Amino acid sequence: MWKAERWQPEQLMDLYVKAGAKYFHALGCHHDNLDCFDSTYNRWNTTRVGPMKDIVGTWEKIVR
Numbered sequence: 001m002w003k004a005e006r007w008q009p010e011q012l013m014d015l016y017v018k019a020g021a022k023y024f025h026a027l028g029c030h031h032d033n034l035d036c037f038d039s040t041y042n043r044w045n046t047t048r049v050g051p052m053k054d055i056v057g058t059w060e061k062i063v064r
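Here the sequence shown is numbered in this note's numbering, starting from 1 and rising by one per residue.
Treat the hints as calculated values from the structure; they're not laboratory data.
Note that this is a predicted model, so its numbers are computed, not measured.
There are no misleading hints in this set.
Simulated restraints on C-beta separations:
(1) V49 x V17: 28 to 34 angstroms
(2) N42 x A19: 30 to 36 angstroms
(3) A19 x E60: 17 to 23 angstroms
(4) G20 x W44: 34 to 40 angstroms
(5) D14 x N42: 27 to 33 angstroms
(6) Q8 x Y41: 27 to 33 angstroms
(7) R43 x L15: 32 to 38 angstroms
(8) T40 x K18: 34 to 40 angstroms
No residue lacks a Cβ here, since even glycine has one placed at the ideal position from N, Cα and C.
Start from the sequences and build out the full structure, keeping to the hints where you can.
Next up, the structure:
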């Protein structure tokens, strides 16, 4: 049921930077073994279920 329809990573990153963050770490695996990226080892990942998004890949592009 997780759709991430209100997820705004660009705005969150702006907030982190304004708060003085010096580094960022993204969650790669959710608590129930759901990979938050397009995993080649686990079909249970956010590109195939839930939000249908590459969460870690999105964070990577924004951070860089």
